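There are 2 protein chains.
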Amino acid sequence: MNPLEYLKKNEKESLEQLKDFLRIPSISAQSQHAGDIRTCAKWVADFLTKTGFKAEVCETGGHPAVVGEYHVSDKVPTVLIYGHYDVQPVDPLNLWKTAPFEPIEEGGFLIARGSTDDKGQLFTHMKAAEAYMKTEGKLPCNVKYLIEGEEEAGVDNLTGFIQKNAKRLAADVVLVSDGSQYGRDLPAINFGLRGIAFVEIKLTGPDRDLHSGSYGGAVANPIIMLCKMMASLHDENNRVTIPGFYDNTYKATQWERDQYAKLPFDAEQYRASTGAPKLWGETGYTPIERTWIRPTLECNGITGGYQGEGNKTIIPSWASAKITMRLVPNMKPAEICDKIEAHLKKICPDTMKFEIVKHAGATPVQVPTEGPWLAAAARAIKTGFGREPFFTKEGGSIPVVETFKTVLGIDTLLVGYGQQDDNAHSPNERFSIKDFQRGCLTSAALLDELSKVKL
Amino acid sequence: MNPLEYLKKNEKESLEQLKDFLRIPSISAQSQHAGDIRTCAKWVADFLTKTGFKAEVCETGGHPAVVGEYHVSDKVPTVLIYGHYDVQPVDPLNLWKTAPFEPIEEGGFLIARGSTDDKGQLFTHMKAAEAYMKTEGKLPCNVKYLIEGEEEAGVDNLTGFIQKNAKRLAADVVLVSDGSQYGRDLPAINFGLRGIAFVEIKLTGPDRDLHSGSYGGAVANPIIMLCKMMASLHDENNRVTIPGFYDNTYKATQWERDQYAKLPFDAEQYRASTGAPKLWGETGYTPIERTWIRPTLECNGITGGYQGEGNKTIIPSWASAKITMRLVPNMKPAEICDKIEAHLKKICPDTMKFEIVKHAGATPVQVPTEGPWLAAAARAIKTGFGREPFFTKEGGSIPVVETFKTVLGIDTLLVGYGQQDDNAHSPNERFSIKDFQRGCLTSAALLDELSKVKL
Numbered sequence: 001m002n003p004l005e006y007l008k009k010n011e012k013e014s015l016e017q018l019k020d021f022l023r024i025p026s027i028s029a030q031s032q033h034a035g036d037i038r039t040c041a042k043w044v045a046d047f048l049t050k051t052g053f054k055a056e057v058c059e060t061g062g063h064p065a066v067v068g069e070y071h072v073s074d075k076v077p078t079v080l081i082y083g084h085y086d087v088q089p090v091d092p093l094n095l096w097k098t099a100p101f102e103p104i105e106e107g108g109f110l111i112a113r114g115s116t117d118d119k120g121q122l123f124t125h126m127k128a129a130e131a132y133m134k135t136e137g138k139l140p141c142n143v144k145y146l147i148e149g150e151e152e153a154g155v156d157n158l159t160g161f162i163q164k165n166a167k168r169l170a171a172d173v174v175l176v177s178d179g180s181q182y183g184r185d186l187p188a189i190n191f192g193l194r195g196i197a198f199v200e201i202k203l204t205g206p207d208r209d210l211h212s213g214s215y216g217g218a219v220a221n222p223i224i225m226l227c228k229m230m231a232s233l234h235d236e237n238n239r240v241t242i243p244g245f246y247d248n249t250y251k252a253t254q255w256e257r258d259q260y261a262k263l264p265f266d267a268e269q270y271r272a273s274t275g276a277p278k279l280w281g282e283t284g285y286t287p288i289e290r291t292w293i294r295p296t297l298e299c300n301g302i303t304g305g306y307q308g309e310g311n312k313t314i315i316p317s318w319a320s321a322k323i324t325m326r327l328v329p330n331m332k333p334a335e336i337c338d339k340i341e342a343h344l345k346k347i348c349p350d351t352m353k354f355e356i357v358k359h360a361g362a363t364p365v366q367v368p369t370e371g372p373w374l375a376a377a378a379r380a381i382k383t384g385f386g387r388e389p390f391f392t393k394e395g396g397s398i399p400v401v402e403t404f405k406t407v408l409g410i411d412t413l414l415v416g417y418g419q420q421d422d423n424a425h426s427p428n429e430r431f432s433i434k435d436f437q438r439g440c441l442t443s444a445a446l447l448d449e450l451s452k453v454k455l
Numbered sequence: 001m002n003p004l005e006y007l008k009k010n011e012k013e014s015l016e017q018l019k020d021f022l023r024i025p026s027i028s029a030q031s032q033h034a035g036d037i038r039t040c041a042k043w044v045a046d047f048l049t050k051t052g053f054k055a056e057v058c059e060t061g062g063h064p065a066v067v068g069e070y071h072v073s074d075k076v077p078t079v080l081i082y083g084h085y086d087v088q089p090v091d092p093l094n095l096w097k098t099a100p101f102e103p104i105e106e107g108g109f110l111i112a113r114g115s116t117d118d119k120g121q122l123f124t125h126m127k128a129a130e131a132y133m134k135t136e137g138k139l140p141c142n143v144k145y146l147i148e149g150e151e152e153a154g155v156d157n158l159t160g161f162i163q164k165n166a167k168r169l170a171a172d173v174v175l176v177s178d179g180s181q182y183g184r185d186l187p188a189i190n191f192g193l194r195g196i197a198f199v200e201i202k203l204t205g206p207d208r209d210l211h212s213g214s215y216g217g218a219v220a221n222p223i224i225m226l227c228k229m230m231a232s233l234h235d236e237n238n239r240v241t242i243p244g245f246y247d248n249t250y251k252a253t254q255w256e257r258d259q260y261a262k263l264p265f266d267a268e269q270y271r272a273s274t275g276a277p278k279l280w281g282e283t284g285y286t287p288i289e290r291t292w293i294r295p296t297l298e299c300n301g302i303t304g305g306y307q308g309e310g311n312k313t314i315i316p317s318w319a320s321a322k323i324t325m326r327l328v329p330n331m332k333p334a335e336i337c338d339k340i341e342a343h344l345k346k347i348c349p350d351t352m353k354f355e356i357v358k359h360a361g362a363t364p365v366q367v368p369t370e371g372p373w374l375a376a377a378a379r380a381i382k383t384g385f386g387r388e389p390f391f392t393k394e395g396g397s398i399p400v401v402e403t404f405k406t407v408l409g410i411d412t413l414l415v416g417y418g419q420q421d422d423n424a425h426s427p428n429e430r431f432s433i434k435d436f437q438r439g440c441l442t443s444a445a446l447l448d449e450l451s452k453v454k455l
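Just so you know, the sequences run in chain order R and Y. Counted from 1, the first sequence has number 5 at position 5 by this note's numbering; the numbering is strictly sequential. Counted from 1, the second sequence has number 279 at position 279 by this note's numbering; the numbering is strictly sequential.
Source of the hints: derived by calculation from the structure; they are not laboratory data. Zero decoy hints are in this set.
Which copy is meant is left open, because identical chains are indistinguishable; a pair holds if it fits in one copy or across any two.
Pairs of lysine-lysine, DSS-like flavour, derived with a Cα cap of 25 angstroms: (1) 202 / 278; (2) 97 / 434; (3) 228 / 345; (4) 202 / 312; (5) 353 / 278; (6) 251 / 332; (7) 339 / 312; (8) 9 / 434; (9) 312 / 332; (10) 134 / 50; (11) 358 / 312; (12) 262 / 382; (13) 42 / 54; (14) 358 / 332; (15) 312 / 278; (16) 278 / 228; (17) 228 / 339; (18) 345 / 278; (19) 278 / 346; (20) 228 / 312; (21) 382 / 9; (22) 134 / 19.
Since the model is a prediction, treat every value here as computed from it, not as a measurement.
With the sequences and hints as input, model every part of the structure.
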């Protein structure tokens, strides 16, 4: 029996084990679950130990991380598998149709908090390793695990932990399954993430709210001045007007454009899914290109003056805006923050005092499409899902991927088995049982494929 | 002894009587003072009765109004004197240096809640009538009083009361002392108030907040679209761009421009008093003209997206703004609301759903400068203050003045004895004792001047 056959034969047992994993309410953001977090870390470490790993629950300064190590040979590559055993809070509890920590099977789905994000996806990699040990007595390549317990908590002790344990975590490639396929039965490999830069600006006119009758017409209104500044940041082609914003930005290769051309995409269905009356964006690009390979500037919040019921007849003293910019490769968050600062200072009217707070954000991520890793992952997906994967990017950011690149110097394979509508972070989180099973097969095939990569 | 001599001789007694009036905590906005309100109304009615008026506390549906009537002859004009006996709440109490309802004299000021707004100013007219009765046994013209108790309460039962009692309140001119001089020792007659129109608008893009990573670039941002609309409402000369906004707007007469040229005005001092880095406004007009005789458009509040600490990476579902326009004579609030609605609908991008709520507001007020009333008031001020008054306008609105015009068909003389820095509505409200005394003399002189107006 080979590892894939083992996984197929033990599907039911795997699902029952995953249910045990899901029953532990490892909510990292709520301190009353600190004990459950420890229980869950130990569950993971014990599973890896039983499988044959040297596994340990490690202190990080916050919730612990589990590190597992298995060395087979210096001649084969080492893969670092990252995942997180912590989960999101469950509220609003009344919107759950079943108890969040009592996993049930329904309509082909496993329903429970953490089923897709990230226990279920992570567990495919744990089962894959077990399948090799049970059938062949060893793994085909060297495997390290870094399984953290704070991904959902809004804190970051992991970066420091990776920095301190850089040698221990050294590997040739990182493997992460904490995302989605392109669509139902459309497996994908994600080879890029946008970065982000964040600034907050504030304009102050008068030193207090003024009566808009007594002063209206003679003193400039900070809200209107802020609107004029914000309005000028996109031109008539919806391009960002900050000087140097597009300098040296990444240009998609022909190979990449070919991948996008292959993707099934229905613009009207996409629009309808957002509820927006019409799509929008930079002239000359498709919606996919606009969200994956083009930088953007958004206002995430604006505040000024009176916001309650009725009206208050004031010229407000100040108005402020939160601005984020999504970045594509070759854009550096700190440089972009400097560019927007210089531009906003320049266009700020002299009737206003200008203040800015700069938060650098996250660097964009690009997984090399030319090297051996993407090809290996593609072959594994072909084995696990029975079809070629799509190659996709993602408009959001996963900061840990950048940490792996900058601290450990290695690229990350982003192979997500979930779906966009799995309700991660929402009530009734679910994971397709078929996707879990295909994920286990893919993870096993991937260990074999990675073992064949010549370094 | 003539009435003016009587007032000068009885200055101390007048001040003591005013203190009694001020000791009644007639706070109209707070229900625990409902009894004090009644006590105060009765105090006013009793004072008028003692003076010789047919006076009555009248029910309005809210706090009562006092109506007083004295008829001397059908051959002389009738003046309706309006004022309010209710006062603002006193909090924050800890910022008061003295007890708000224990009036004290300090540095030439009478300090108490209501001293300038409006008991002190109103009382000058009550003392003026008394002075005639005590010295000449009768008033020189017919006088009616309408003294209300809800001006500070944010409710309006008075309009209905005026409508129901239009015949009883019929007069030739209204006299109101509930405002300010142009400056210290610079008495003024206000001959115009701007009107106001108010709309609230809301733009909705996606039907929920979207992840700005996943959708940023492909779905339009309601905040940025709102900013583009708001930004376009003023042109490079700071003129409002709504088609028809300036149609038929009032143009200042040469007489009016001559009055403004006489006013002492220091633009730098004015700027410094607002704390704004620089003044602003419509090209071709002075700050006084911009606030008194030009219409304006202000955004009093803007709201959209995330406004808490840090950032939330969203494209918000909606953004909204509160807009008021100050109006000058010949502009009709409802028409202006229709014009801005039509314009905003036209410029709203097709990526957004547009909603508007229109609140018509108040009609601008213009006291005829050509007729006999302003001249009579000017002569009275010359008598009371020993100098010619300035003729001014006011950028804000006093809705009751418009009610007198539309319901009773009469113009209002706005002769304020207070000062801008009398702390009306704030802690340590005060009224210059000298202004109180000059006000009493002016009020007495004004009754005589009005009696000479030929109808």
